[in-house]
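Student: Residue numbers (our numbering), protein chains in the order written: chain W, 1 to 419; chain A, 1001 to 1419.
FYI, nobody ran anything at the bench for these hints, they're computed from the structure. Check the hints yourself; a few may be wrong.
[To be verified] Listed next, the stretches of chain W that the computed footprint assigns to chain A, with coverage defined by at least 3 CB atoms under 8 angstroms from CB atoms of chain A: (1) 177–187; (2) 190–202; (3) 210–224.
[As the list claims (entries may be wrong)] Residues of chain W placed beyond 10 angstroms of chain A at every Cβ, according to the derived structure: (4) Gln113; (5) Leu274; (6) Glu397.
Since this is a predicted model, take the numbers as computed values, not measurements. Yeah, the Cβ is synthetic: ideal placement off N, Cα and C, and Gly gets one too.
Protein chains: 2
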Amino acid sequence: MIELHPTQPSKERITDDIQQLAAFVDSSKPGWTRRPFTSWYEQGREWLKQQMQNLGMDVRYDAASNLIGTLPGSDNSLKPILIGSHTDTVTGGGRFDGIIGVVAGLELVRVLQKVGIQLRHPLEVVDFTAEEPSEFGISTIGSRGMVNNLSEEMLLRQDPNGLVLKEAIHRAGGQPERLSQFARKSGDVALYLELHIEQGPVLEQSDKKLGVVTGIVGIHRYRVTVEGISNHAGTTPMTMRWDALTGASELILELESIARATYSEPVVGTIGKLYVEPNASNVIPGRVVFELEIRSLNVEILEQMVVVYREKANRIAEERGVHISFDSLSKSEPIRVDTEVQQVIHEACSVTASTIRLPSGAGHDGNQLSRIAPIGMIFVPSRDGRSHCPEEWTDYEDVTLGVHALIQSVLVFDQKLNS
Amino acid sequence: MIELHPTQPSKERITDDIQQLAAFVDSSKPGWTRRPFTSWYEQGREWLKQQMQNLGMDVRYDAASNLIGTLPGSDNSLKPILIGSHTDTVTGGGRFDGIIGVVAGLELVRVLQKVGIQLRHPLEVVDFTAEEPSEFGISTIGSRGMVNNLSEEMLLRQDPNGLVLKEAIHRAGGQPERLSQFARKSGDVALYLELHIEQGPVLEQSDKKLGVVTGIVGIHRYRVTVEGISNHAGTTPMTMRWDALTGASELILELESIARATYSEPVVGTIGKLYVEPNASNVIPGRVVFELEIRSLNVEILEQMVVVYREKANRIAEERGVHISFDSLSKSEPIRVDTEVQQVIHEACSVTASTIRLPSGAGHDGNQLSRIAPIGMIFVPSRDGRSHCPEEWTDYEDVTLGVHALIQSVLVFDQKLNS
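Excised from the complex, chain W in its bound form (with noise of 0.2 angstroms):
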């Protein structure tokens, strides 16, 4: 049994932070908009800084640009321990999303001062640059810059205006030549958490207000292409076509009932992007190009269903005359969270809220961060599952829940770990 501080998080000082941040944003576009190294998002990381400095942190930008205050800790042989998240935006997204997780980091260390603890460990917490998908075709850039991920290439890769990465990181303020060098490594980080909004119904739908990660999904992507033959709409009888759209059709079906069979572990899958050509009215489609992607904690189960769904495709081919082509885009692994590390914040979090352990469907910070240490995540509702939109919401109440079971999770992780 944990013992509890009285380290109650003021739902005041979060409504406030997550308003001010709110206010840095690019009017010209929908909803709350921030985008990495746009003009707004150097505001708002001048206010983050202020406040920091303002809690007497030592503030800094990274090699990759990220801004990370610093706490000192009493044993300062210990490695830091790292709350962190992002406060760059999609276009046309929300005020919570990456946001609520660098607000919590503030809130941590304002409630330490207040009730006077000084930690063992160093307490980071880190601003990653450029969480969502960026520009350069690339997300998490800034922890990839931190552990040491992001490859020549990637830095070189050009934003639609032309901007290099590798400059857009020098003009956020980091030193993208000297990535390596300071570059974390395994064991030189005792333990990343982060608290983010769930993204998703689950926790709304089950009535819970908080939950602990269990893993990260992996991700695969793939580009299907179906070729049968473009032809007259009006000229040729329904026996004498390949029509590329009913084979594509067949195939997205297919897709849906076997990411919604039953499996040992949660399986999500999803069409969501697919090109008719010549998409014309009155042309049989003779090509379909769509990106399918499945996402599961298990990497069996991945692997199992792209078998099982190939099977159903030649079939589809062969029955439709037609070609069903598979291109492999992308694998990302899963991330799965120790099981001691969901102990604690699974206490931490029901002394706090009613709680239920769940995966993140979502790509996060944590990927890059569980390369080299322990990471751990909290997550609150998000109404009706919305994120990445304007309509993105999370009650004060429910994000300042969120932050209390953070303070309490890391005031433990202080005392147990001893690195």
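Let chain W serve as the given structure and place chain A on it in line with the hints.
Tutor: Chain A in isolation, oriented as in the chain W frame:
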């Protein structure tokens, strides 16, 4: 039994005409591209006008800018017989669609002169302006204009460069302000006959050389919108999704199934154009919009198909919790070729080559001419059923058979028709 005339068309002359016209194309575009109202189109028509004049025809542009060569008949109290088609192409089209119907008119005149026959009826060989879908969003512009079926709204439409249709017709030699004054009315034309490529695979697959067209199908077009809920592809469990694309896929397969069923007359149903929103690989589609069309000679079958389809759509909407709506985009009436006209053409075809009867699945200038006169059409095979593409091909032997059957038909009709 009809009397056979020793009126053999020349494959060499027909080949030469087709190849000469094939030279007047926009070489910056794929295949053979001669869009209406362009310089290539004007050059082609200038060549055609020259051919008509060389044959001693009286050549003029009518109010709708159709190019017409006239040969007087022996009884000029009779209404003219019209032979025609068009010389414009789709972008990236072929050398035969439309062209062979105009070339057939030239060859008919040459054969008549060679064997010394003067028809009783005046003969008009017509190159109809802009039969293919144009930049003004209208097809069969010239034949519409000839029968006073171009509304003022249509005449004021602009192409993407801002050119107004009225002005385009004017520049092409027409008098758009006098369309109604010069319009052909019911009874003004004795008969309209057209030779055309099939644009489908039926003749080739049934190993026949000539097709007697029984009618031109009616086309009903709908825009269908499927509305689900757009959401995160990773964080939304399969049981909490309202995916517009899986719903649309069921609808696509249902249309195929309904169109494949057996009816008293052939039908086809096609979904050729489809858009997914937001069309991102990691977002569950929130909205899919597609255009469907169904075609048949029988309006009752079309209406019944839509009733059945909408019932299926309602069931899908209910089962999936998505919203499905239908907007009627257009309904063109089917045209039936008079059975006596079919019979004369069938006899003329049968003595020439192997013949079947079949409907036209594509629209033609005959749709417009049928408003004021009896019409008839002869089809020749399209290799692999292809048209509107560079691969469009009909053997010159087959074109010549078609011209022969057309000539025989004209000679019989000229005797038969007493108006």
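Student: Each hint needs a verdict: does it hold in this structure or not?
Tutor: Here's how the hints hold up against the structure:
Counting residues of the stretch 177–187 of chain W whose beta carbon lies closer than 8 angstroms to any beta carbon of chain A gives 0, which falls below the threshold of three, so the coverage claim is violated. Chain A is given as covering the stretch 190–202 of chain W, and this holds because 5 residues of the stretch bring a CB closer than 8 angstroms to a CB of that chain, at least three being needed. With 3 residues having a Cβ less than 8 angstroms from any Cβ of chain A, the stretch 210–224 of chain W passes the three-residue criterion, so the hint holds. With a least beta-carbon separation of about 35 angstroms from chain A, glutamine 113 of chain W lies farther than 10 angstroms from that chain, consistent with its non-interface assignment.
Under the 10 angstroms C-beta cut-off, the non-interface status given to leucine 274 of chain W relative to chain A is violated; the minimum distance is some 5 angstroms. Every CB of chain A lies more than 10 angstroms from the CB of glutamate 397 of chain W, the least distance being 21 angstroms, so the non-interface label holds.
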